[in-house]
Amino acid sequence: MQNKGRGTFISFEGIDGSGKSTQIELVKKYLHKNKKKVLFTREPGGTFEAELIRKLILSKNKKIKFDNKTEILLLLAARYEHYKKLIEPAITNGKIIICDRFIDSTLAYQCAGNNELKEFYFQISKSLINKFEPDLTILLDISPIKALERINERKNKNRYDNKNLSFFSNVRKNYNELAKNNSRIQKLNALNDKNILAEKIRKLIINLLK
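One point on numbering: in this note's numbering, the residue at position 47 of the sequence shown is 112, and numbering is uninterrupted.
It is worth saying that the hints were derived from the structure and are not from the lab.
Backbone N, C-alpha and C define an ideal beta-carbon position, used for all residues, glycine too.
Treat the hints with care, as some may be off.
Stated by the list, open to error - Quick list of in silico lysine-lysine cross-link-like pairs, DSS-like style, CA-CA up to 30 angstroms:
1) Lys183 to Lys238
2) Lys196 to Lys93
3) Lys93 to Lys130
4) Lys252 to Lys93
5) Lys268 to Lys125
6) Lys125 to Lys102
To be verified - Beta-carbon label-pair distances, calculated as ranges:
7) Gly70 to Arg219: 35 to 45 angstroms
8) Asp258 to Ile210: 15 to 25 angstroms
9) Asn180 to Lys101: 18 to 28 angstroms
10) Leu269 to Gln188: 10 to 20 angstroms
11) Asn179 to Ile210: 20 to 30 angstroms
12) Ser192 to Asn254: 16 to 26 angstroms
13) Lys101 to Asn179: 36 to 46 angstroms
14) Arg249 to Pro154: 16 to 26 angstroms
15) Lys150 to Phe187: 30 to 40 angstroms
16) Lys275 to Lys128: 23 to 33 angstroms
Build the full structure now, drawing on both the sequences and the hints.
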């Protein structure tokens with residue numbers, strides 16, 4: 066249950082190929098049909114400036130090789146732009162925000178299994194967005210093998226789409242660890258029929274908005 070007048074922030078998470086885009090589109094149709102004030106956005110990105118950073122981070126140019134901390138700094142720069150210019154005003158105006166990826170992606174992809182990187186991330190993140198986090202995170206869980214099958218069917222791939230099975234297995238493991246320790250993260254089987262999965266997601270959102 067949310068504070069009256071305050072907006073609601075919902076993030077979608079999962080390894081690449083988990084079906085986030087499909088489910089977000091179904092949520093979009095449902096919320097628009099029910100006349101909700103809703104904003105759909107993504108990370109990295111969401112604002113003009115943050116989208117420029119996104120292009121740099123996801124570039125397939127093999128000459129671009131960031132140090133781990135540099136990549137985290139770029140993601141945090143994009144997030145701060147996104148938060149201050151889009152998310153915070155929308156929350157203040159009572160909107161529902163649906164975001165494709167947020168803080169958990171950074172923890173699962175960039176900081177995974179590295180305490181030094183996690184400490185580095187949290188220290189800077191706190192100074193930028195304090196302890197702001199989603200009210201609900203929907204984690205679409207899928208086997209890395211199936212995810213790679215889906216990714217290989219894509220025409221337009223980014224730098225992360227070209228990662229191997231071991232990489233995605235590790236990211237999935239990191240997501241599952243995050244879900245164990247945080248009740249806001251609701252893990253759902255991404256291999257369910259898309260309409261059955263969409264109904265489960267709708268129920269989670271309806272319950273949150275009561």
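Could you tell me which of the hints above the structure violates, numbers in ascending order? 3, 5, 6, 9, 10, 12, 15 and 16
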